[in-house]
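Enquirer: The residues making up each chain are set out below.
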Amino acid sequence: MNIAVLLSMVPDLVEELEIAPSGVALDTQWLRYLLSESDDHALEQALLLKERYGGKVTALALDRGEAEEALYTALARGADEAVKLTGIPEEGWGKRAAAAVVGAVLKESAPDLILTGVQAIDDMDGHMAGALAGILGLPFVGVTRSVDAPGAGKVLVQKEYPGGMAAEIEVDLPAVIGVLSAPQPPRYVPVARIREARKTRTISEREAPSVAAPEGLVIRRLFKPEPAERAEMLDGTPEEMARQIVTILENRGLVR
Amino acid sequence: MSPSGILLLWIVSLVALGLFAFRVRYLLGLLRLGRGENRLGGVGRRLAAVAWEVLGQRRLLREPAGVLHFGIFWGFVVYASAFIFSLFKGLLPFLPYPMPEEIGPVALALEVFGVVVLAGIGGAAFRRYLLRPPRLEQSRDAGVILLLIGSLMVTSLLSSGFHVVATGHASFLWNPVGTGLASLMVGGGLAPSAASSLQLTMWWLHMVLVLGFLAYLPYSKHLHLLASSFSVFLTDLSPRGRLRTADADGGGPDPLNARNFTWRELLNPFACAECGRCDRVCPAQTSGAALSPQKMVHHIKEHLLEAGPYLLRGTPRNGHYPELVGGVVSADELWACTTCYACMERCPVMNEHIPLIVRMRRYLVTRGEVDARLQDALTATSRYGNSFGQSPKTRARWTQGLEVPVKDVRREQAQYLWFVGDYASFDPAAREATRAAARVLHRAGVSFGILYDGEQTSGNDIRRVGEEGLFEMLAEKNIATMQKCRFDEIITTDPHAYNTLKNEYPEFGGTWPVVHYTELFDRLIDAERLRPARRLGLRATYHDPCYLGRYNGIYEAPRRVLRALGADLVEMPRNRLNAYCCGAGGGRIWMEEAAGVKERPAERRVREAAVLNGVGTLVVTCPKEITMFRDAVKTTGHEEGLMIKDLAELVEEATTPEVSGHA
Amino acid sequence: MSTSGQDVWVYVEHLKGEVLGHTYELLGKGREVAGALGGRLVAVLAGSAVQPLASTLGVADSVLCIEDAGLAEFTPEGHGAVLRALAEKDPPRLMLFGATSAGMDLAALTSATMGIPLVVNCKEIGIEDDRVVVTSQMCGGKLLGEVETGGNMVALTVLPGAFPSQKGLSDRAPTVQNLPSPVPLEGVRTRVTRLLEPEAGDVDITRAPVLIAVGRGIQRQDNLPLAEELAGLLGGAVCASRPVIDQGWLPLTRQVGKSGMVVKPKFYLALGISGASEHVEGMKDSELTIAVNSDPRAPIFDVADYGVAADMFDVLPILTEELRARKPSAP
Ligand SMILES: Cc1cc2nc3c(=O)[nH]c(=O)nc-3n(C[C@H](O)[C@H](O)[C@H](O)COP(=O)(O)OP(=O)(O)OC[C@H]3O[C@@H](n4cnc5c(N)ncnc54)[C@H](O)[C@@H]3O)c2cc1C
Ligand code: SF4
Ligand code: SF4
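Chains as they are written, first to last, in my numbering: chain A, 1 to 256; chain B, 1 to 663; chain C, 1 to 331.
Simulated from the structure, these hints should not be mistaken for lab results. One or more of the hints may lead you astray.
[To be verified] Derived lysine-lysine pairs resembling DSSO-like cross-links, with alpha carbons at most 30 Å apart:
(1) Lys598(B) to Lys301(B)
(2) Lys154(A) to Lys50(A)
(3) Lys258(C) to Lys634(B)
(4) Lys266(C) to Lys16(C)
(5) Lys154(A) to Lys16(C)
(6) Lys142(C) to Lys393(B)
(7) Lys284(C) to Lys123(C)
(8) Lys224(A) to Lys284(C)
(9) Lys221(B) to Lys301(B)
(10) Lys264(C) to Lys634(B)
(11) Lys266(C) to Lys167(C)
(12) Lys264(C) to Lys224(A)
(13) Lys393(B) to Lys264(C)
(14) Lys477(B) to Lys258(C)
(15) Lys266(C) to Lys199(A)
(16) Lys477(B) to Lys199(A)
(17) Lys484(B) to Lys407(B)
(18) Lys258(C) to Lys224(A)
(19) Lys167(C) to Lys264(C)
(20) Lys484(B) to Lys199(A)
(21) Lys258(C) to Lys142(C)
(22) Lys598(B) to Lys258(C)
(23) Lys266(C) to Lys142(C)
(24) Lys50(A) to Lys107(A)
(25) Lys407(B) to Lys477(B)
(26) Lys266(C) to Lys224(A)
(27) Lys393(B) to Lys258(C)
(28) Lys16(C) to Lys224(A)
(29) Lys393(B) to Lys224(A)
(30) Lys142(C) to Lys224(A)
(31) Lys393(B) to Lys284(C)
(32) Lys393(B) to Lys477(B)
All chains should be modelled from the sequences, with the hints used to inform the complete structure.
Expert: Okay, here's the thing in structure tokens:
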């Protein structure tokens, strides 16, 4: 089975986010971009499938931030090939545009299974996995916690639902799966292995194909929510305070 | 002796020596499976170690039972020497010297030691079988040896008695025991002729027992008799706090087996006397975790004997070699170690447990087998240079609110480069102490600066969890940053950073002098640059951090500072080199609670401090300990009675000029 | 896609014969938006034997009820095909989905197959001069984006809890329009083979939407039922700080913090927890935190959104009682 894993870089929330002077983008100067968490799980899921059933894993990343680091790490973890898509604008694309570009590349290589994270923290105009499936016209299931391939030509996935429920779904290949988590956390790769991969492996580069940019949305502004420095203290008698709590919960739709 | 007797002796001796040599050669072959390691420099220091530890039995005497071993050991030496002379005389009767027991003073020595050894053995048997101290293996080997040595002494003493009866030469001066026994024998009606043949029988019995023992020795746990002197002689002379690099680890065969270790590491199990001393001081073992250093060493021996034949032949068993980790040694055991050095400090044969543990941890890390929290810490460290996963820009946030700003040593020259370390920078409880230390340094007019976001964690713990590649990366980065700065010495409050900066960075090109803040405070007080303005009227006890005390021998500086502040210092029962670890080291602070722990090391330590009469303060000199012990006083219910204070906080308090008058 | 109506569609999520609560939040907000746009509010209910559920959707002007055996269990492909066929026939202005397991999949797929824009994780929807303006939440709540959508059809996923559900509830009987599936479903390449119930064993606190956390302030094990009852009322679970776990009052799987679990519930109620950094590490990303602690200077108040400086044993019983009284009997 040929598996393609799409890795996206997202802003590192450990650093303070700054808005660019334009007001509609993040200030990339102070930003650090690293591998999206659910993409990390998608990679782990791909490697688990490969270990179990054989096949080939190709990691694909849009060249932004620590993409190269992520690709070498993927190789050190067991991916067979790594491809970097270059020519990405500095501020990146929206998800729909990115999906269009990646879709064009994947249409050519036509892997049996495409895995990527079901969502990323910087998603605003879409989610990559579902968008890819729509563009490629492939079957799709997202929010999975495991992907297995017990029979030929299909995969068996578990899709999560609220309250610990899940559905087991059979999906014909080729397909796109939006991974929430792999059955086990992404494995640790020691620094020495990554350093070795940097010396002995190569990442192939590919110019991103140009595709028509999707339209329909205008970002007016990006902004940060007011920081809640310290708790707002409720006061009054215990009865009054308890009622205030109930009101807060009701306003948030937490009272069922 | 008759010619046939001599022939028989030759046969018996050759068989015994043959068996002995055969086994020893095999064991040496096993050692040679390991990788090379140079342990021959510094012969003088090595001989000194042998004199202290083998001849002087220094470490054994740290436990009262060591006295028994001392007696047995020296008795054994005397007997062994006499035996060699006897044997040669028996084999080659023309040799121009008498039998040893025919020389008066030698005979006396043999008799005296015979009694001493019998007493020692009696005591050992009493301790082993009736007192049954914890963690002493009740092995068959141990019983055999006690019986054997006992028989040797008995045969020898009886022989002396028979000799006196047979010859009629009673010399109470040289043969007090023999003479005593002889009078009993004569009283019992023993004829001189019968005595003479009985004496010969005893002599034979003695010879056969000893030769039998010689053959049996390398097949038993008493191999330690043979191997321990070598183990001591081949001890590691590099600083205690320096781990060997992992250069050759990467290419080692999978799974981990004897070939990944160095020959000296493989010698450890052969030298082990299975005395249980390491277990008795080990914080992991005594708190109920899976690790027993003694068993671990023993399991490596089991593995070596199991896998050895296949490795020597170079043909795997059913396609692969027996596995060590996951086989006889579990990952849980390996992760439970705090690298506190207590075992290595105690081990009478100078076994080196920590290098073994780290070697095996490295193997686990290579395979990505680390627990989730440790993985988080490692990932955070490789990404941000700190295990807290914080932005490097916030590293110096603790300096906010200090009246005097802290210099950036990357821009301005300073006498001291303060390497702050992760816990002192990021941990909220430790940060208070860090600020206190900064104020004290300002007060004393010390010129110092920090690296701000240029500092990365020193990597002491990273190296000890086995992530060697990451450690090297950190060391290289830190050294490159510090090389661009102008300063004379490095100062740090963190004993873990202190250890690695001082002992391990030199191998990577960072050769600056390093001082711990307790040492500097001590000097400053001595030079009267820090003047306590008042006496702290508190009764306190002091906890020696493993990486300051046992690893680097700094015991007295913090105590002198405390006394200079006017504190009434009371020692805990386990202090200085016997101090009990708080449980944070070796990367344990990042890991999940080890399975099976009944009482955390920090809790045990707090209880030890809390029962000291009138002591209300536990003084620490390590940023990690503040968190560990503040937590432990809560969980043990000593929050009211015992305050956890960093030394810097006390120094600050004592050197703050009084505002109002004071009688 | 140039022509679209002004209608607002809400995709109705249901599981095991019950409409999920979040759908009512969408209906409530949808009602308001449809009014502003001058369109109708349409609830799209797809499944098999789901008609009885339509009666709870009275807030909508009409319910499109599509029944087919092939829709019995949710698959993005099957439900997506139906939705697309319906929308192509009678294009709405807005399609609202929950930002949930099913809603996310469906919205992403529908947006791509129909070529319409999508804004995800919306927490505000407004109408300005016939333009739909939404606020999308990103980066774990650290960043918000205000987005204007054009005059055409657009899909949105809405964050659970962004809008109150009361406005989506009504006793009115809706107009139900029963339709067969507009597309054949035999060729669907994804098939649900079975539903998996939560694994037996202890509660997984990392998945609970509401957590009632108890610290040393709970004092005795006997007091735990107070917290458990509250958790039951809010559909959540009880978790604890380490001292409580250490006592053996709750299993280790319930510990939050450095050496326990990292949790991100919608609501975290900290009862008698001081807020040590080792604990905070495990819960700081909770969406809403309320702390009850008798010590007004407890550091937990630095991380909580709301604080109650009082004895928890005074507040807790009243809180439980109030919530029990409010428990709606219908849906
Ligand atoms: C390495 C390490 C790992 C750790 N890991 C964790 C971890 O994973 N999780 C964790 O929780 N802790 C952990 N800790 C422990 C942590 O440091 C704290 O000790 C612990 O979180 C304190 O728990 P607490 O808040 O319940 O107790 P306390 O700190 O004792 O706080 C009790 C609080 O209850 C309040 N209170 C008392 N009575 C009442 C009442 N009637 N009504 C209202 N309020 C009341 C008090 O004012 C006080 O603030 C760890 C510590 C270490 C060193
Ligand atoms: S270093 Fe300390 S924790 Fe590790 S085995 Fe030795 S005594 Fe035990
Ligand atoms: S390793 Fe050393 S201390 Fe431990 S049992 Fe063996 S000889 Fe004794």
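Enquirer: Between Lys142(C) and Lys393(B), does the CA-CA distance stay at or below 30 Å?
Expert: holds (19 Å)
Enquirer: Does Lys199(A) sit within 30 Å of Lys484(B), going by the straight-line distance between their CA atoms?
Expert: holds (28 Å)
Enquirer: Could you grab the alpha-carbon distance between Lys266(C) and Lys167(C) and see if it respects the 30 Å cut-off?
Expert: This hinted pair holds, its Cα atoms lying about 20 Å apart.
Enquirer: Between the alpha carbons of Lys266(C) and Lys16(C), is the straight-line distance 30 Å or under?
Expert: Status holds; Cα separation ~23 Å.
Enquirer: Would you check the hint for Lys284(C) and Lys123(C), treating anything up to 30 Å between C-alpha atoms as holding?
Expert: holds (21 Å)
Enquirer: Starting from Lys266(C), check that the Cα of Lys224(A) is at most 30 Å away, please.
Expert: Holds, because 20 Å separates the two Cα atoms, which is no more than 30 Å.
Enquirer: Checking one constraint from the list: CA of Lys266(C) to CA of Lys142(C), max 30 Å. Satisfied?
Expert: holds (16 Å)
Enquirer: Given the hint that Lys16(C) pairs with Lys224(A), does the C-alpha gap stay at or below 30 Å?
Expert: Violated. Lys16(C) to Lys224(A) sits at ~39 Å, over the 30 Å cutoff.
Enquirer: Is Lys598(B) close enough to Lys301(B), meaning Cα to Cα at most 30 Å?
Expert: holds (29 Å)
Enquirer: Between Lys154(A) and Lys16(C), is the straight-line Cα distance small enough, at 30 Å or below?
Expert: holds (26 Å)
Enquirer: Take a quick look at whether Lys477(B) and Lys199(A) sit within 30 Å of each other, Cα to Cα.
Expert: Judged against 30 Å, a Cα distance of about 19 Å means the pair holds.
Enquirer: Taking only the CA atoms, is the gap from Lys258(C) to Lys634(B) under or equal to 30 Å?
Expert: Cα-Cα ~17 Å, so holds.
Comparing the model with each earlier hint shows violations of hints 15 and 28; every other hint is respected.
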